[in-house]
Structure formats: structure tokens, C-alpha cells
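Read off the chains here:
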Amino acid sequence: MSFLVLDSIKKSFGQTQVVKDFNMSIEKGEFVSFLGPSGCGKTTVLRMIAGFESPSDGAISINGKNQNTLKTNQRNIGMVFQAYALFPNMNVFDNVAFGLKVAGKSKTEIETRVKEMLKLISLDHLADRYPYQMSGGQQQRVALARALAPKPQVLLLDEPLSALDAKIRVSLREEIREIQRQLGITTVFVTHDQEEALSISDRVVVMNAGRADQIGTPSEIYNRPTTRFVASFVGTLNIIEATVIDPAANTVKVGENTIRLRESIGALKGGDKLSIALRPEAGSLLENAKGDTSLTGQVISSHFLGSVIRTKLEVGGNQISFDMFNSPDAVLPQSGETLTLRFNAHDFLIIRD
Amino acid sequence: MKAHKIFAWLAIAIGAIYFFVPLIGTFEFSLRMRRGVYSFDAYQSVFTDAQFRATFGFSMLMAMVTIVVGMLLIVPTAYWVRLRLPQMRPVVEFITLLPLVIPAIVIVFGYLRLYNSSSWIPFTGSTQGTNILLTFSYVTLALPYMYRSVDTAMRTIDVRTLTEAAEILGAKWPTIMFRCIFPNVMSGVLSGAFITFAIVMGEFTMAALLNRPAFGPYLQLVGANKAYEPSALAVIAFAITWLSMGLIQLVSRFSKLTPSRP
Chain A
1 MSFLVLDSIK KSFGQTQVVK DFNMSIEKGE FVSFLGPSGC GKTTVLRMIA GFESPSDGAI
61 SINGKNQNTL KTNQRNIGMV FQAYALFPNM NVFDNVAFGL KVAGKSKTEI ETRVKEMLKL
121 ISLDHLADRY PYQMSGGQQQ RVALARALAP KPQVLLLDEP LSALDAKIRV SLREEIREIQ
181 RQLGITTVFV THDQEEALSI SDRVVVMNAG RADQIGTPSE IYNRPTTRFV ASFVGTLNII
241 EATVIDPAAN TVKVGENTIR LRESIGALKG GDKLSIALRP EAGSLLENAK GDTSLTGQVI
301 SSHFLGSVIR TKLEVGGNQI SFDMFNSPDA VLPQSGETLT LRFNAHDFLI IRD
Chain B
354 MKAHKIFAWL AIAIGAIYFF VPLIGTFEFS LRMRRGVYSF DAYQSVFTDA QFRATFGFSM
414 LMAMVTIVVG MLLIVPTAYW VRLRLPQMRP VVEFITLLPL VIPAIVIVFG YLRLYNSSSW
474 IPFTGSTQGT NILLTFSYVT LALPYMYRSV DTAMRTIDVR TLTEAAEILG AKWPTIMFRC
534 IFPNVMSGVL SGAFITFAIV MGEFTMAALL NRPAFGPYLQ LVGANKAYEP SALAVIAFAI
594 TWLSMGLIQL VSRFSKLTPS RP
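The listed protein sequences correspond, in order, to chains A and B.
Position one of the first sequence corresponds to residue 1 (my numbering), numbered consecutively onward.
Position one of the second sequence corresponds to residue 354 (my numbering), numbered consecutively onward.
If you are wondering where the hints come from, they were derived from the structure by calculation, not from laboratory data.
Warning: the hint list may mix true and false statements.
As the list claims (entries may be wrong) - Taking lysine-lysine and the DSS-like style, the derived pairs with C-alpha atoms no more than 25 Å apart in a straight line are:
| no. | chain 1 | residue 1 | chain 2 | residue 2 |
| --- | --- | --- | --- | --- |
| 1 | B | Lys-525 | A | Lys-101 |
| 2 | A | Lys-107 | B | Lys-525 |
| 3 | A | Lys-71 | B | Lys-525 |
| 4 | A | Lys-105 | B | Lys-355 |
| 5 | A | Lys-105 | A | Lys-115 |
Here the structure is a predicted model, which means the values were calculated and not measured.
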């Protein structure tokens, strides 16, 4: 049986249903990210796990024990907040020790555990500092240590990196993942940043309008999105309108280009419209590039973005962006130039909504 | 630009003269008790007066009790309004402003009608009961200032997130209140406390009509019967108020050491 189970969770605020029939099972030690735009219900689900909100319907269980009837302070869950939420009147040591003191641990036990936690986050030299004397990144590491100190059964991270600058964000997310692996703690991470979710999670839940649109590994989410929303929300994606030529042979037409799709077209007839998607990095302009399919079109624009060159092609009324790696001798395609983009047919995804 | 500056300084000078001249006059007069020379005889007379010590002590005690009762009432109220009942904010703000609109004499007559010795709750039937009633009336008078100072202090911290952080670490309400919230709104609590202290020390109407030996009625009594001592007492009363205001400034300066927030 899974460690953390969210069974048909629903949540309404007045007439508005913000979480609609949410189901999810998380294994012990797993790192799961809830990814979605603002207002999709991801934080509400997290708050229900924490006990700050009660589900309107459905059950939450941890290690086989129903949590619905338990108050927040009875659940033994650790949480890190976006706003750090360190107690301003306490120094680092006292902040980390808070949960242990509340649990009635002995003085020696508290001291040992706090030191252990501060060492884990490499801030053992700042035990006497107050929150206002520390940077945002340091405060968030202390918040992480505080959440982990009482040995919670689940760790919840509510957009913990959002308030930090880009560089700290990257290093801290790696640190969080490393600590999570080290302790083997079941972790639920809420973010609206796809890069964060994809880079550190075992599984990602893409949420949209109160529902889990897709649950899968980062690779599955990125490479095989199952809905138009997931496809458009995660990464950059070209949505191409194609016309079915032969459903039996899975062939479609984009402008003057005929493409044989790997995926079955399904119940569509010849002449029907079909949305297919292609990642910008899937294609190549090289003559000898591997690929069984090609699209020929005219260059609309080309931009140098540092590590990549992004070019926009016009193919049968569709604008298709594609990226190629920069190199010292790379030449930017010129507007109006005719180019052929080569790729594998299995790079195409059929968008079924 | 220069003319503007001159007018600004002129306005400040007029204000200062308006405020300081009577004060300096009062102080100067309070030193004239001994004929022909300046002396602190009036102050000595005040400080050696047993009634001064008794009334001052009584008002001090009442001020302390008022602060404790007021804070026990106001801090949890402001906390709950901020955390769980934000829709009640206009109602609470209206109630806390009422003592500024309703004259103290009306409030105290209301008390006397409600809590007289032949009523259901005969507070005025005993000295202790009257003292309790006086405390409640002082809490009412201080309500607008206490509530606002505490509420302002709560605005500087993220009450909701701090509460949730404490709660998820296993804390129950008393721990959250006294270890996580109260210490972080201490500057507001102390500001409110000093204002309350100044109000209680000078309050006359409530204490006089409830017939309690407070400092306010003593000031009035001395003022009606003596010449130099009332001036000395006025200076002392000003000193108490200024001390309270100075302490508020000090506390708010300390409270600037607030946590860095995202």
C-alpha cells in the first residue's frame, strides 16, 4: 500500500470547487511535485495534507492512517513555507528546536538533534543569529531544518524557492533534493516553475483547474504530455494544425508536407483536422540529421539567444519554432529563406485535449 | 523656496511658543513657593503629602491591572480578527472607537445604573467591586489606543503563516499565542501599555464618580485648595506623559529590528 494516499479529494470554497476529484498515491521516500498555474488548486491540496484545510469530500491517509479527523498539530508533518515563516523572536537554534520542545524532548536530545540539523544545512556556525540577520536563502534552509527536526513522516514544500533569486534557487533546490534523498523522506513539493519540478522530482503532477491532468515522471510529462494543457504548460511546444489524409496509414498533411505519424490517429476520417505538437528542440536543419520525417517552410524570423538560436518557420499556415545549439560558426537563417526541418515521426504528439 | 522655509520655521516657532510658554510659566510658578527665591518646596510638599503617595500608588496599581486586563482582552481579539474573522474588522474597529465618541461621564453613569448595589451585578456594592468596575472602565477608555497599537504591530508580522508554522510543528493555541505571536507584537503591546498608563494616571471623571482615591481626583482637590502645589503636580503629570511617550519611541525603535521578509 502507498504511503500517502489522496483518495477522491474534493474541496469547495462556497460555490467554487477548487479541487475536483483528486486521486494520488505516493510511495515512501518519493519526491512528488505538484505543478500548475496559479489557482489550479495545488496549494489547496497541500494545505489539505497539512490539515490547514479540510477536504469537502474524500480521504487523506498517511501510512494507512486516515488523517481527516486529525488536527494539524497531530499529523507529524513538516512544512516549509514560501515566506520562510521563521519566528522572528527566536534565533536559529530556537527556531529549529521549536518542534522538539513542543514535543517535550529532553534538553540533550534537542541539542543533539538541532546540531545535527544545522550541520545538514551547513549553517551550524549561525546558530545564534536571528532571522533578520540572515539572507533569504539562509532563512529558507533554517526553515527546512526546522521542518525536518521533529522527524516528520511527510515533508511539504509550498513554493519554498519562489522568493529567492535565480542563482540561490538553483543551488537550494539541489540541496533540498540531496537532503531529501539522504533522509529518504516522502516529500510533496508545490511549484509553478516547471524547471524546478522537472529537475528534482521522481514524479510530477500537472494540475489544471482543480484536477490532475497528468501524473508521470519528468521525462513522461515533458516528452509524452497527454493533454493540450500539459503540452502547452510544460516547456515550449509547437501546436500544428494538420489535415488527415489516410487514417489507416496514420498520414496527415501540414502545408505541402505529408507526415506519417507513429501514434494511431484513431476514429478520424480523411479531411478531418488534427492537432499535433512538436518540441522546438526536436528538429534539425542538418542534411545528415537523423530523422525519417521533414517539414519544409519559409523562415519568418531568427533570434540569437546565447546557447541556442531560435528560428520561426511558416509551414502551411502554422508557425513552428525550433531551436538549434549555437556554435562559433553557426549562421543565422535569413527571413524568407526556405528551410527543411528534419526530425523523427515519433517526436510528434497527437493532442487529444 | 527660502520664503517657504521661513514660513515653516515661523509656524514651528509659533507652535512651540503656544505649547512651551504656559508650561514654562507653570514650572516657574511652581518654584515660587518660598518668597523671593526659587525653590522646589512645592514639589517637596507634594512628595511628602501622604495623600499624593496613596493616590499615585493607587492609580499606578490600577494602570498596571488595566494594562494586563486590556492586553489579555485585546491581543487575542486582534489576533482572531486578523486570522479567522477578517470580516469582523469593521465591527471591532467601530466598537473600539466608541469610547472616543461617548463621553466618559455617559459611560460612568451607564455603569452606575447597570452595576449599582441593587442591580444583578452589584459591582459598586463593595470597594473591591468598585475597583474592578474602575479597571473595566479604564480598559474601555484605553480601548481605541490599545487596539490600534496591537493591530499595527500584528500588521508587521505574517500572523497567519507564523501560526501555521507553529501549528504544523505540533504547537497548541497557548504555545502559539504566548511563544510565537505575543513576543512578536511586544512593541505594539508596550506602546499600548504606555498610552494606557498615561491615560489612567490622569483620568478624573471615572475615578471621581466611582469615588475611588485615584490621582486624577487628587489633582483636582489640590488644584482647588492650594496655590503652588497644583503647578508642581501639573509639571509632574507632564513628566509622566513625556516619559511614557519617550518609552513608546524607544520601543518602536527597537521594533525596527524586524525580520527580513521575502
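Each hint, compared with the structure:
1. Annotation: proposed proximity of Lys-525/B to Lys-101/A holds, straight-line Cα distance about 12 Å (limit 25 Å).
2. Restraint check for Lys-107/A and Lys-525/B: the C-alpha separation of about 20 Å stays at or below 25 Å, so the hint holds.
3. About 10 Å separates the Cα atoms of Lys-71/A and Lys-525/B, which keeps this hinted pair within 25 Å; it holds.
4. Only pairs whose Cα atoms come within 25 Å are accepted, and Lys-105/A paired with Lys-355/B is rejected, the gap being roughly 68 Å.
5. With a C-alpha separation of about 14 Å, the suggested pairing of Lys-105/A with Lys-115/A holds against the 25 Å cut-off.
Checked against the numbered hints above, the structure breaks only hint 4 and satisfies the rest.
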